[in-house]
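Assembling the complex is the task here: the two chains are given apart, and the hints tell you how they should meet.
As you go down the protein sequences, you meet chains H and X in turn. Taken in order, the first sequence gives residues 286 to 465; the numbers are from the numbering used here. Taken in order, the second sequence gives residues 98 to 488; the numbers are from the numbering used here.
Here are the simulated lysine to aspartate or glutamate pairs, EDC-like style, with alpha carbons at most 20 Å apart: (1) 168/X x 431/H; (2) 168/X x 436/H; (3) 99/X x 162/X; (4) 99/X x 436/H; (5) 450/H x 108/X; (6) 457/H x 212/X; (7) 99/X x 442/H.
Over the 12 Å line for every Cβ pair with chain H, so calculated as not near, a few chain X residues: (8) 253; (9) 333; (10) 446.
Simulated from the structure, these hints should not be mistaken for laboratory data. It should be emphasised that the depicted structure is a prediction, and the values quoted were computed from it without experimental measurement. Backbone N, C-alpha and C define an ideal beta-carbon position, used for all residues, glycine too.
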Amino acid sequence: MSAQGQISEPVPGQSTFSGRGWRLGAGAIGGLVAGAGLLVARRFRHDGSDEEPETANRWHVVTVNRSPDEVMPDGTPPPALRALGDLVEVEVRPAQQARGTELRARVRQPEPGTAKSVLERLGGTDPRQAVRAALREDKQLIEVGEVLRLEPIPHGDRGHTPGGKLVETVTKRAGGEGLL
Amino acid sequence: MKALCWTGVNETAVEEVDDPRILNDRDVILRVRASTTCGSDLHLLGGYIPLMQRGDVLGHEFMGEVVEVGKAVEKHRVGDRVVVSSFISCGQCWYCQHELYSLCDNGNPNPAVTEAMWGSSVGGCFAYSHALGGFAGSHAEYIRVPFADVGAFSVPDGVSDVAAVFASDAASTGWTGADLAGIAPDDTVAVWGAGAVGQMAARAAMLLGAGQVVVIDRLPERLQQARQFIGADTLDYTSTNLVAELKERTGGRGPDVCIEAVGMEAHGTGPQYWYDQVKQQLRLQTDRPTALREAIYACRKGGSVFVLGVFGLLVDKFPLGSLMNKSLTVRGAQMHGQRYIPRILDHIAAGDLSTEHLATHPMPLDDGPRGYEMFKNKEDGCVRVVFQPGS
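Isolated chain X, as found in the complex (with noise of 0.2 Å):
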């Protein structure tokens, strides 16, 4: 079959692979009918997680049919359309139990790397390395998805593949983000990112009760989508004194909740950034936590912060001070996606959640190299790139 391969670093490549096999009882094969870049995949395209290996096939947000199901899968049978979470869980362990199914006790073969970076490993990812289990992804015309009846969710009729895709995971991140981190009725809460993730978080903070939610980020086309399709209000952070004009807006106080969607290649303005770029690209720390530390400053005192946004391992000027002072609440989580993909389905289907608009660039595999130079590069208002290699 046809796959995108990661073949170094910022290199991808169209190349003839093999086809997938159920290897486990509970395996489903899918036709991949959809397949979408994320923003986490940048992190392995430029060498910022090195657990790559050449040849690697990338892609961990999809959906598509089932072709071929393991003996002991229940759930599923040929011919079904379903998404799929990007983490992998057994569904027995107890984090799985306990619906925090991204910590997955059995979903990730190689333990030993993300203990020795984390001290304890977690679920197994398609396509994120071999930190988290070296699995095949999904920008290819078959995957096999270990767990089946745990993580792979009919799609409802009615409901388009390019609109299901963002359930794996886009939409379910952002459902994670907004509902751990503890949003009351009334509460003012701020994103930092408009991209998919950002803007799935805004619109989930809305939908459980935040009275006013507010999207950080620089680029035009994205704060115009959360404004038409989610509803939020917006910021441009290179336009503005962004603390200023959030205490501003909630009277002295700050966000009560503020969601950090940018992750460990954050963007920013002044020397603070250059710092950030320098120590990485030096590789004097991993990850660059500008937009997380403008969220800490701005959150309000007692309120809390989320981290959303995917970290490797470390990073420098952390504002503990502030953190400490006001009492905050810090959490952070990788996607909780069996948890929230049947709501968000439901949300999707019953209209009060839009996410075909995040779609902006659907491409034939084919065209995978030149999808994530635009994606990477951000050209012609790029949002996501959509592949779509069995339809």
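One chain only, chain H, in its complex shape (with noise of 0.2 Å):
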């Protein structure tokens, strides 16, 4: 994987890319004020290309409250989705209503089809469920700084029952799973 941005499609007047650092002209500072909440379409991308991706799987994204170079700096994806290297395509785009940054990521790889699909997410090994995982702990550590931990937690005597056993594969899996 590539540490280096690049924006897909220059635009005058506003934030650039250029390999080493994002470079602010004094059009772009305008810009950046009196475009507030306008989408803009362009792409940053962090593996220094314009072109589509092989594959057309559906992108994974979330909202993050910070601006795009707070996001993707110099065009190097967060922490969590660096650590997937090759396994996925990530992009950052500001959001509208200047809700922040979209941070979007996807499999480059071809997502299993439905069954086998149901397998891998049962056995936690379904790609997708780390691309969503890792999504939402940089959207975390980006807001807050940390990732928010919940064990160990206080509890009596589990019992070792048959719900017990389901909620806690559900938690387990809950952070890899959802709609993202």
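Structure below.
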């Protein structure tokens, strides 16, 4: 995975990534102020390419309440997504209505079919689970500075009931599932 | 430490559990001084919200004394007496920065469960099942409070523990409903439910400028409290034609704002109530919307209905025709406690919000199972049980 970023369609007066860092012109600053709230359809890819990816997998997206250069400084993906290496394609774009930045990731390899996916999701090996978990983790790291921990939870006798086992399984997978 | 745990449907027990620890830099640990039962606990107790695990510590409405602080905590010190919002919110995401704290993006470590049920995840909540994070609750000697600078508020001198504990959830839930329902000056507001949340919603409506506030229930001791401590008019729906009574009081129009503070285990009269009971017990619907149907039906044309009671998933026979044709605005919310707790504490300190009367049954934590039995069955005029494990 390249750690360099590049904009796919340079637009005069707006921020660009030159390969070593963000370059902001006076017009860009004015544009940022005046253009707050507008959707800017440009995409900043971490892999340095302008090309459409080879797969058409669905993007998984979180909106981060920070600017694009705080979410992906110098085109470098945040740590949890970076740790997934070549598994994912990552990009950012400004969110509508000053809501921050859309952090988008999708799996490069073909996604498993329905039957295989069920088995892989149960086993925790569907690659999309790792992408969803990484997106949520990176959002927290960027917005809050740390990931909210839960364990160890004080609890009484668990009793090893079937219902309890089911809840355990559901919550163990909860970070990697959902609609993202 | 000792804690009151959920051990199965309609079963609780006091057990020895591990003490909580600081897990994140923004955490504090509290010694719990007061922790109260909430009507929404009964949905967990009765198995209506199924994502409970045996051994889960109950309790989400509490206050206490700070005994340990994480290294990133700036607002609180050891020894502070604080009340804590029941919802866990980061303070940094877009929702928190727009004071929609119960919608926090970062407060629920199990987001997929509520995403699957509701389309989006909401914030975490203490002891409100693993769907809302799986956090340990406050019916215990100690509790861990994440994001303490955001969710914990110092209690003013002169405000007792028992008065302050209701700012944690009941009063802030009531305020959420009354504020977001859009009450205009001199509006008539009807509140379904004279439990703690309904009473607090009624008082908030008055303080926000409502001209006439009517609280509806069937339990005489709760209606008495609403008259005596809140200053509201009351209606017993078992002894009158409720809609006709509300129309008569409002010039034939109906209330401008209707607040439903009952939730998924509503009671009622007539065949509608039994229909809802049978369907819920057979799990053909998850919630009984009896009071919500009434609120929609009674509301004036163009009025506002606020869903403040807790609902889980699906209801049947929803009066969509009434809602649409009368041009109603319907809104709902869990509580945005961090937004309202400071002003609630000010109102309590100033003497214009009574909360202590809600604590009808103070008890030691060891009596927790008995307390929940009383609370569930509304024995002895029980409105709220308050456990005081650390006092």
